[in-house]
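Participant: Sequence:
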Amino acid sequence: ADGATAAIGDLYAKNCAACHGARGAGDGPAANDAATTPAAFTVATLAERRSDVLYAKIRRGGMGTGMPNFGTLFTPEESWSLVDYLWVLALDEGMSSER
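In the working numbering, the protein residues as written are 1 to 99.
Fair warning: there could be bad hints in the mix.
For lysine to aspartate or glutamate, the following EDC-like pairs were computed, each having C-alpha atoms within a straight-line distance of at most 20 Å [as the list claims (entries may be wrong)]: (1) Lys14 to Glu48; (2) Lys14 to Asp27; (3) Lys14 to Glu77; (4) Lys57 to Asp27; (5) Lys57 to Glu78; (6) Lys14 to Asp2; (7) Lys57 to Asp2; (8) Lys57 to Glu77; (9) Lys14 to Asp33; (10) Lys14 to Glu78.
Here are the computed distance ranges between Cβ atoms for each label pair [said to hold, decoys possible]: (11) Ala4 to Gly64: 31 to 41 Å; (12) Phe74 to Ala22: 12 to 22 Å; (13) Met63 to Gly3: 14 to 24 Å; (14) Pro76 to Gly3: 28 to 38 Å; (15) Ala13 to Arg60: 15 to 25 Å; (16) Gly71 to Arg49: 28 to 38 Å; (17) Thr65 to Val43: 35 to 45 Å; (18) Gly64 to Gly3: 13 to 23 Å; (19) Pro76 to Ala6: 19 to 29 Å; (20) Ala4 to Ala35: 26 to 36 Å; (21) Ala56 to Ala35: 26 to 36 Å; (22) Ala25 to Met63: 29 to 39 Å.
It is worth saying that the hints were derived from the structure and are not from the lab.
For every residue, glycine included, the Cβ atom is placed at its ideal position computed from N, Cα and C.
Could you put the whole structure together from the sequences, leaning on the hints where they help?
Facilitator: So this is what it looks like as structure tokens:
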């Protein structure tokens, strides 16, 4: 991974993985404490979503799902990079399940 991808991976690990899991499977250590089941970023679930919707959820929070509003914590650029990272996680998961 290049430096930018590693930096976004760190951002994800520090802010998202507790609920969404290290690989984006929705199975983080805090997942059971969440108001609703955290989203899993798999090929199947992301295939039905759009990047602009994912971006809005990161910026505004999950609106009733218990996901916090990260718009004050992340820059717009970091938020878009996280959206891209979610697609990387989904594609990695899809490829590993096909092996």
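Participant: None of the hints should be skipped; say for each whether it holds.
Facilitator: Here's how the hints hold up against the structure:
{"no.": "1", "hint": "Lys14 to Glu48", "in the structure": "26 Å, violated"}
{"no.": "2", "hint": "Lys14 to Asp27", "in the structure": "15 Å, holds"}
{"no.": "3", "hint": "Lys14 to Glu77", "in the structure": "17 Å, holds"}
{"no.": "4", "hint": "Lys57 to Asp27", "in the structure": "19 Å, holds"}
{"no.": "5", "hint": "Lys57 to Glu78", "in the structure": "13 Å, holds"}
{"no.": "6", "hint": "Lys14 to Asp2", "in the structure": "18 Å, holds"}
{"no.": "7", "hint": "Lys57 to Asp2", "in the structure": "26 Å, violated"}
{"no.": "8", "hint": "Lys57 to Glu77", "in the structure": "14 Å, holds"}
{"no.": "9", "hint": "Lys14 to Asp33", "in the structure": "17 Å, holds"}
{"no.": "10", "hint": "Lys14 to Glu78", "in the structure": "13 Å, holds"}
{"no.": "11", "hint": "Ala4 to Gly64: 31 to 41 Å", "in the structure": "33 Å, holds"}
{"no.": "12", "hint": "Phe74 to Ala22: 12 to 22 Å", "in the structure": "19 Å, holds"}
{"no.": "13", "hint": "Met63 to Gly3: 14 to 24 Å", "in the structure": "33 Å, violated"}
{"no.": "14", "hint": "Pro76 to Gly3: 28 to 38 Å", "in the structure": "20 Å, violated"}
{"no.": "15", "hint": "Ala13 to Arg60: 15 to 25 Å", "in the structure": "22 Å, holds"}
{"no.": "16", "hint": "Gly71 to Arg49: 28 to 38 Å", "in the structure": "18 Å, violated"}
{"no.": "17", "hint": "Thr65 to Val43: 35 to 45 Å", "in the structure": "21 Å, violated"}
{"no.": "18", "hint": "Gly64 to Gly3: 13 to 23 Å", "in the structure": "36 Å, violated"}
{"no.": "19", "hint": "Pro76 to Ala6: 19 to 29 Å", "in the structure": "20 Å, holds"}
{"no.": "20", "hint": "Ala4 to Ala35: 26 to 36 Å", "in the structure": "32 Å, holds"}
{"no.": "21", "hint": "Ala56 to Ala35: 26 to 36 Å", "in the structure": "19 Å, violated"}
{"no.": "22", "hint": "Ala25 to Met63: 29 to 39 Å", "in the structure": "22 Å, violated"}
Hints 1, 7, 13, 14, 16, 17, 18, 21, 22, counting from the list given before, are not met by this structure.
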